[in-house]
Amino acid sequence: MKNSIRQIWAVARVAARSNLAYLGEVASRTFFLAVILFIFLKLWQATYRESASAVIGGLSLNQMLWYLTVTEAIYMSAPRLAQQIDEDVRSGALAVRLLKPISYPLYCLSSALGERIVRFLANFATGAAVTFCLVGPFNCSPAAPIMLLVAVLLAFVLDGLGHLIIGLWAFWLEDTSGLLLIYTRLSMILGGMLIPMELFPDWLKSFVFFLPFPYLVWGPAHLFVHSDWLQFAQLVGLQSLYILLLLAVVNLIYGWALERISAHGG
Amino acid sequence: MWFSKILSYLRLARAYIKLNWSMQMEYRGAFVSQALAMFLNNGTWLAFWMLFFSRFPVVKGWEQSDVVTLWAISAAGFGLGNAFCWNLHNLAAMVSRGELDVWMLYPRALIPHLALGKMSATAIGDLAFGYFIYIVVVRPDLQHFLLFNLLVVAVALVFIGFNLWRGSLAFYFGQAEVLSEQWFFAMITFSTYPNCLFDGWMKVVLYTLIPAGFISGLPVEALRDFDFSAAAFTWLGALGVLASGAASFELGLRRYQSGNLLGMRS
Numbered sequence: 001m002k003n004s005i006r007q008i009w010a011v012a013r014v015a016a017r018s019n020l021a022y023l024g025e026v027a028s029r030t031f032f033l034a035v036i037l038f039i040f041l042k043l044w045q046a047t048y049r050e051s052a053s054a055v056i057g058g059l060s061l062n063q064m065l066w067y068l069t070v071t072e073a074i075y076m077s078a079p080r081l082a083q084q085i086d087e088d089v090r091s092g093a094l095a096v097r098l099l100k101p102i103s104y105p106l107y108c109l110s111s112a113l114g115e116r117i118v119r120f121l122a123n124f125a126t127g128a129a130v131t132f133c134l135v136g137p138f139n140c141s142p143a144a145p146i147m148l149l150v151a152v153l154l155a156f157v158l159d160g161l162g163h164l165i166i167g168l169w170a171f172w173l174e175d176t177s178g179l180l181l182i183y184t185r186l187s188m189i190l191g192g193m194l195i196p197m198e199l200f201p202d203w204l205k206s207f208v209f210f211l212p213f214p215y216l217v218w219g220p221a222h223l224f225v226h227s228d229w230l231q232f233a234q235l236v237g238l239q240s241l242y243i244l245l246l247l248a249v250v251n252l253i254y255g256w257a258l259e260r261i262s263a264h265g266g
Numbered sequence: 267m268w269f270s271k272i273l274s275y276l277r278l279a280r281a282y283i284k285l286n287w288s289m290q291m292e293y294r295g296a297f298v299s300q301a302l303a304m305f306l307n308n309g310t311w312l313a314f315w316m317l318f319f320s321r322f323p324v325v326k327g328w329e330q331s332d333v334v335t336l337w338a339i340s341a342a343g344f345g346l347g348n349a350f351c352w353n354l355h356n357l358a359a360m361v362s363r364g365e366l367d368v369w370m371l372y373p374r375a376l377i378p379h380l381a382l383g384k385m386s387a388t389a390i391g392d393l394a395f396g397y398f399i400y401i402v403v404v405r406p407d408l409q410h411f412l413l414f415n416l417l418v419v420a421v422a423l424v425f426i427g428f429n430l431w432r433g434s435l436a437f438y439f440g441q442a443e444v445l446s447e448q449w450f451f452a453m454i455t456f457s458t459y460p461n462c463l464f465d466g467w468m469k470v471v472l473y474t475l476i477p478a479g480f481i482s483g484l485p486v487e488a489l490r491d492f493d494f495s496a497a498a499f500t501w502l503g504a505l506g507v508l509a510s511g512a513a514s515f516e517l518g519l520r521r522y523q524s525g526n527l528l529g530m531r532s
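Chains D and V, in that order, are what the protein sequence lines are.
Numbering-wise, this note's numbering puts 18 at position 18 of the first sequence, and it's gapless, one number per residue.
Converting from the second sequence to this note's numbering requires adding 266 to each position, the first position being numbered 1.
Same shape as in the complex, but just chain D:
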């Protein structure tokens, strides 16, 4: 266990450092984030005005924009994990990766984690600067940033496991991009990236909470605007539960996948 944590840390650190080397490029891509936040401001400004209400779904306009800043920063930080696994399997690069003294899924997950943390921080910094200019500061509780960081980290692990499961299907499927698209779009809509779950119709809300998607995006963002230790404990508990569940699925699929590998000398 201690050895695995050391391995995760080492791989994640290398991935994060290699992303930091291209911070200029990462920053240039956050322009899109600024555009989308501006559009969201206009959309929600009009919506609040027309509904003649200062609070919608328990959120003021200021909270709504900060909520969307977090959801966009999370969503746009996703690395190309499933595509990378797909390419490794298809190109045969997997044979080389298997020689490393770390299990392949753990290597992929750690690397994606390191990369994603840097991207998230860059996205969040840009998004926060834009949102600050658009709607002013957000008076969050002192515990909110800590809660956000823990919840986001667990969300990244959970999402990474989801990507791993999809990527590993490359052993059986011709192309996993369709599966990935379905997964990312489900997490976009059902995860509450574009519209908070409080505004979902009741029929949708009642079953979405049983899926892992809200805990990838909505959970951390909601916690940031409504910091509460009890909700934090609930979220972390549910995220951990889903992580254990998906870990078991990854292990199972990876075991089956290993049986299909046949490598020849090169």
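No false leads were mixed into what you were given.
Pair ranges (Cβ atoms, derived):
#1 V:Tyr-438 to D:Ala-52: 43 to 51 Å
#2 V:Val-471 to D:Asn-62: 20 to 28 Å
#3 D:Leu-204 to V:Gly-466: 30 to 38 Å
#4 V:Glu-292 to D:Gln-83: 18 to 26 Å
#5 D:Val-150 to V:Ala-498: 51 to 59 Å
Bear in mind the hints are in silico, worked out from the structure with no lab data behind them.
Small disclaimer: the values here were computed from a predicted structure and weren't measured.
Beta carbons are placed, not taken as given, at the ideal position from N, Cα and C, and that holds for glycine.
Starting from the structure of chain D, add chain V where the hints point.
The following block gives chain V in isolation, referenced to the frame of chain D:
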């Protein structure tokens, strides 16, 4: 004289489309899956708007049917413009790498050869999506459907002209791939949100620098109110964007430097 010239270019377009289509059909499975993926992607955004309008039925005078019309016209126009002229999407990269040489060897003008050189399966998915939701969700009468077709062609011309604009940046700035890409994202984003959200200086931007107003504004008005003047202004705008795109390309071409690359078109 002019008529025979136009006919000659139409024959050229037909030949390219026929050739590119047969290339796509060689990988039929990949073609269908890419087109379906784009269909699904657009469907997610439509689901977001359905959710939004189920909660807030009217936003600044726009209703659900207006947003469906907006998505129909922008997806179909984007699809038509890019499905058959996909090469222009990567124009900035081609110019930066000095890859235009091979296209300069053909008789007739350079832009038609360059534009028609590549086909996109995902854009065909967009085209199909646009028509599908307009017919199935909006259920237009014959007059509206005919006007829709006219406007789809105009929107396609806006996208072709805009791609020439952003691709031509590389003639003037050298490395302009990131800038061109960001400009493209801004255009796509603004053209898929209701135009009524923006006013003042932003409205000016949306009819000049980011000509999304000719996609998300005038065509929707034209279809909603069956307004021929809005349709005429859409066409005028489209021809303006196309003409200025072609002019910026032709002017930039004088600064083009060959990459001395050896290449072969298959």
